[in-house]
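Q: Chains A and B are the protein sequences, given in the same order.
For the first sequence, the working numbering begins at 1 and goes up steadily by one.
For the second sequence, the working numbering begins at 1001 and goes up steadily by one.
One or more of the hints may lead you astray.
[What the hints assert, rightly or not] Cut-off 35 Å, straight-line C-alpha distance, at most; resulting in silico cross-link-like pairs (DSBU-like, lysine-lysine): (1) A:K30 x B:K1117; (2) A:K192 x B:K1117; (3) B:K1117 x A:K38; (4) B:K1117 x A:K29; (5) A:K192 x A:K38.
[Said to hold, decoys possible] Over the 12 Å line for every Cβ pair with chain B, so calculated as not near, a few chain A residues: (6) G6; (7) A15; (8) A18; (9) T98; (10) L113; (11) L116; (12) G123; (13) G161; (14) V162; (15) A166; (16) F183; (17) S186; (18) R190.
[Unchecked claim] Computed Cβ-Cβ distance ranges for the label pairs, DEER-style: (19) B:T1119 x A:R190: 35 to 43 Å; (20) B:D1078 x A:R120: 53 to 61 Å; (21) A:A175 x B:L1102: 26 to 34 Å.
In short, the hints are calculated from the structure, not lab data.
As the structure is a prediction and not an experimental result, all values here were calculated from the model.
Heads up, the beta-carbon is just placed ideally off N, CA and C, and yes, glycines get one too.
Next come the chains, spelled out residue by residue.
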Amino acid sequence: MHISDGVLPMTVTLATYALTIAGVTISLKKLESDELPKTAVLTSAFFVASLVHVPLGPTSVHLLLPGIVGVLLGPVAFLSITVGLFLQSMLFQFGGLTALGSNAFMMGIPAVLSGLLFRRLRGITLRSNLLAGTLAGGMGTFMAALLLAALLALAGEDFFGVAKLALAAHVPVIAIEALVTGFTVSFLFRVKPDMLIANRSTGESCRIEEERA
Amino acid sequence: MSITARPSRVLVAAGLLVASLVFGDVLSAADLSEPAAAPAEISGPQTGQNQDRCQEVMSQLAEQEKKLAGELRIIRRDVAALNQHLENPGIRDAMAGVGYILGLFGAAALVASRRRKGTEGR
Chain A
1 MHISDGVLPM
11 TVTLATYALT
21 IAGVTISLKK
31 LESDELPKTA
41 VLTSAFFVAS
51 LVHVPLGPTS
61 VHLLLPGIVG
71 VLLGPVAFLS
81 ITVGLFLQSM
91 LFQFGGLTAL
101 GSNAFMMGIP
111 AVLSGLLFRR
121 LRGITLRSNL
131 LAGTLAGGMG
141 TFMAALLLAA
151 LLALAGEDFF
161 GVAKLALAAH
171 VPVIAIEALV
181 TGFTVSFLFR
191 VKPDMLIANR
201 STGESCRIEE
211 ERA
Chain B
1001 MSITARPSRV
1011 LVAAGLLVAS
1021 LVFGDVLSAA
1031 DLSEPAAAPA
1041 EISGPQTGQN
1051 QDRCQEVMSQ
1061 LAEQEKKLAG
1071 ELRIIRRDVA
1081 ALNQHLENPG
1091 IRDAMAGVGY
1101 ILGLFGAAAL
1111 VASRRRKGTE
1121 GR
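Work out the full structure: start from the sequences and follow the hints.
A: The following block contains the structure:
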């Protein structure tokens, strides 16, 4: 689900590039040096995810993973996804460099929103975390498909047609990502709940430790 | 005549001999083309046989050409598929990207730790 060069008009390209630069700057400000290993691992996972193909009739789609990146990183997900997309464009030729701004915007915003959704819904029990993780994981790709349709609608395509097509093609991806995010969140909740906290300044980790103790 | 004149005369004679042989070949080849045209007008039944054989050879050539064209098409399709296959990102590109990512974040971690050591050590 990458937009290639020359599809979007110049105004949309410039606007999304500006928004992406703003998003990356905000992410950089929120980046803490303790989070760097986690960010590196998730960026690598996002980068390699596009090599995992899910068969869909005659063709196949590939995993996207904005959901889990957003859930585990929070606002830093924007930077992580931009770096991953840049390297995908350079090494795999997925999407062009002029479309990098729009692709990063299309994937980064759903990631950050998934992170917000997860943090809002997570609660303190294992089950609520699992459900919130599953939902946020699925919503990541769902929102990315909608943003793709919106961007292509700005380029002149029919919004509902593209949206229907993109969502229908990515239903297996949404299902798989929801499952994977759910499993990951429940595993991390049991083994190392600190990793689920994107921002150290929230007091949620203390509450969870108190609950379990 | 001087002594050096004899070798030069031998050379001239040899050159003329070779030239006559070469040009004689060319002329005789040119001569052969004309006699080939003449018998076609003279003998009747031999012309028909020649033409039949000619047609046979031509049709065989056409068949071979068709077969070769088919094979070439298959080969060209294979080459296009191979090109497409080579363009696919492979494990090498994936490792390159992961290495780049780890290097980038590792450099950032290095800078961050230096900065922290700088402010905490004193």
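Q: Are any of the numbered hints broken by this structure? If so, which, sorted upward?
A: When the structure is compared with the hints, none of them turns out to be violated.
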